[in-house]
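A.B. asks: So the protein sequences, as listed, match chains Y and E.
Mapping to the numbering used here: the first sequence position 5 is 5, numbers consecutive.
Mapping to the numbering used here: the second sequence position 184 is 184, numbers consecutive.
Read the hints as simulated data drawn from the structure, not as lab findings.
Cβ atoms here follow ideal geometry from the backbone N, Cα and C, with glycine treated the same way.
Take these hints with a grain of salt, some might be off.
Unchecked claim - Over the 10 angstroms line for every Cβ pair with chain E, so calculated as not near, a few chain Y residues:
id, residue
1, Leu23
2, Ser33
3, Gly41
4, Thr86
Stated by the list, open to error - Listed next, with one range per pair, are the computed distances between beta-carbon atoms:
id, chain 1, residue 1, chain 2, residue 2, range
5, E, Thr308, Y, Arg91, 31 to 41 angstroms
6, Y, Arg91, E, Gln427, 30 to 40 angstroms
7, E, Ala24, Y, Ser45, 56 to 66 angstroms
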Amino acid sequence: MKDFGYSISKGRTLNYDNSDFSLKKTLEHDVVSYCRCIGCGACASTCSAAKFTDFSIFKCNMLFRNAKYDELEQELSKCMLCGKCTLVCPRGVNTRGMILEMRNLIEKNKNNNE
Amino acid sequence: MNNFHPFVLPFTIGTVVLFIILFALFVKWLLQMDKTQKTTALKNIISFKTLKAVWEAVRECLFHRNIFRTNPVLGYMHLSFAFGWFLLIVIGKIETTFYSGTFWDEFWLAIFFRFFEDTSVTFSGSELFTQLMDACLLFVLSGIVLAVIKRFYSKIYGMKKTTKHTIVDKIALTSLWCIFPLRLLAESATAGIKHNGGFLTQSLGNLLVGLPLEHITLPLWWMYSIALCLFFLFMPFTRYMHIFTEMLLVFLRKWGVTENNQKTGYTNIELNACSRCGICIDVCPLNTEAGINNVQSVYFIKNTRYGTLTKEIADNCLMCGRCVQACPVGIESTLIRQIMRKKECFNNKDYYQYIPDKEEKQISEEKEVIYFAGCMSHITVSIPEAMKHIFAAANVKYWYMDENETICCGRPLMQQGLDKQAETLRQKNTEKILSSSIRTLVTSCPICYKSFTEEYHLPIEVLHHTQYIDRLIRQGRIKVNRSDIKVTYHDPCELGRGCKIYEEPRHVLHAVAELMNVKMEKENSLCCGYNLANTQLELEDQMKIRNAAINNLTAPKPDTVITSCPMCKRALQHGINVNIKDIAEIVDENIAK
């Protein structure tokens, strides 16, 4: 496993006034269990992709909440959907559903903005 | 013209329009099939397969043998409609051929024969034909009575839920229900005047004699003709399209055509062959356990056919395959679902650049098997551990391909329609597998097994560990003791219905323990609820489905429940009061020292 924990994101300034949080509302509606994530990192510690590269669902979650969609898109495409994360999640988060839905929403959002 | 009356026009127009539409659609679909499907079909047209297809078409489309298996009353209902109507047409045609002395009479004559019949003309067997036609009509009418009852009390047919139909379906259904009672009334009224009826129509005709028959006969014949016309005109747009499409499907299937991974004309034929009988609703665990009843194959197929498919319907499916197993038409709805989930928008970039190229490490030549545990086995470590012991006991040299790190086989991505990503993973894995010269691959995961056998096209032998252990025992390479613990076996969806592997695990279990039967097993086994094909289902619903599977497995009070899938093991483990083991573990425990 590569880096893990709170050091995985670099420090940055977020401008919440200019961010679009509408996608988050849709995700909360479509994947109800998304809100249950407590960022414990069980998913990242078992992740097949994380064996090779920096990939953590916790990080994806943070990027999504902060509306950093471009960066997130790159992250999400690393997932192999193998499903180990769902089976180890102590909070019963539908992680695969969440990742796929994030990808769909970002794709839709891109098309809308074009 | 002797045999013409304006009331035959609606029927005539309806029939002509129906057959033009049918012909156009069939030609369109056949042309839409892709090249391999076309060549397979053409190659097999002139062969015994065609004769077999004729027999199957008679058996399924007329006699509905598969529905009989589900429920005899339901089967009889379909038989009386299809076979009864078929007989009415065929015997009617023979009757008019005798009557008019030529086969090439007006084609509506057979349908409206009693109206046009000149009672002064006698022909051989006329009395017999009259009685036969009445018997057929009674046969069909009995089916209608059952159908009407079914609409309101579906429980007596063993069906808990029936399909919710569209408005157009309901119009077609109503006209279909009206056709035969109207025919009965029209023929009886005519019989009341002309005395040309059989045991049924004449008796009813005699009862009607008191009425002003000369005024009501003609309107009845008009209504009968219009009901036929309505049914024929609506048919291509409703579920009744299955009547003719099913026959086409039977032939194509016998000629070896299968679904490939694109939506083709064959997919359209499958979609239109669905009669929306709703048998798939009752076997779907999402319906029976989680109360989700708008996503089943019947609704999925309906929505795909009419272009109203939503993401929720397409994605909310475990692909456990119980509906395909139960479908009387044998429609491969899970494959169609996989096709419809395709997400082309994600195919335009390169994925998984981070996966390192294959290591240059040389795999020593003497090794006998490649062992691929699979992603899921890395969270149920006892399975690969048990496999290691078994390999050691059998003195098998093996290469543990994904011991340190693993990439997925790609099947979960395939199931979600992410083809390009899956293809990338398949390439990486294939390179790695073929970098050794080992000729046998053993995997512990049914998902990987299905992927390796069906999607990879590997030039080497691929075995699931149940098959491999079975082989080791049969060859005497491992000796096992038979313990007296009682076990039940959970058939994983992907291994059982997916790959039809039922006997090997049972053979192994008979060798090491006392195997008990459970109510739902083999083809009918229940899904553990965690199947990766579904990304919509939330934990609460997964748990309900899992609990149903556990109840089924623990009903005969076994000491241990055995499965052969790391994911099923993990899923069932979370349930209460279950002691669950993989088949490899129980074999490992009972190896004779």
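A.B. asks: Confirm or reject the claim that Y/Arg91 and E/Gln427 have a C-beta distance inside 30 to 40 angstroms.
C.D. replies: holds (35 angstroms)
A.B. asks: Could you check the hint for me, namely that E/Thr308 and Y/Arg91 are 31 to 41 angstroms apart, CB to CB?
C.D. replies: holds (35 angstroms)
A.B. asks: Quick one: work out the minimum CB distance from Y/Thr86 to chain E and report holds if it exceeds 10 angstroms, violated otherwise.
C.D. replies: violated (8 angstroms)
A.B. asks: The output says Y/Gly41 does not contact chain E. Does that hold with a beta carbon cutoff of 10 angstroms?
C.D. replies: holds (15 angstroms)
A.B. asks: Confirm or reject: Y/Ser33 is not an interface residue toward chain E, with every Cβ-Cβ distance exceeding 10 angstroms.
C.D. replies: Violated, because the least Cβ-Cβ distance between Y/Ser33 and chain E comes to about 5 angstroms, which does not exceed 10 angstroms.
A.B. asks: Evaluate the given range 56 to 66 angstroms for the C-beta pair formed by E/Ala24 and Y/Ser45.
C.D. replies: holds (59 angstroms)
A.B. asks: So Y/Leu23 supposedly isn't at the interface. Is its beta-carbon more than 10 angstroms from every beta-carbon in chain E?
C.D. replies: The assertion about Y/Leu23 holds, with a minimum of 15 angstroms to chain E.
In terms of the numbered hints stated before, the structure departs from hints 2, 4, listed from lowest to highest.
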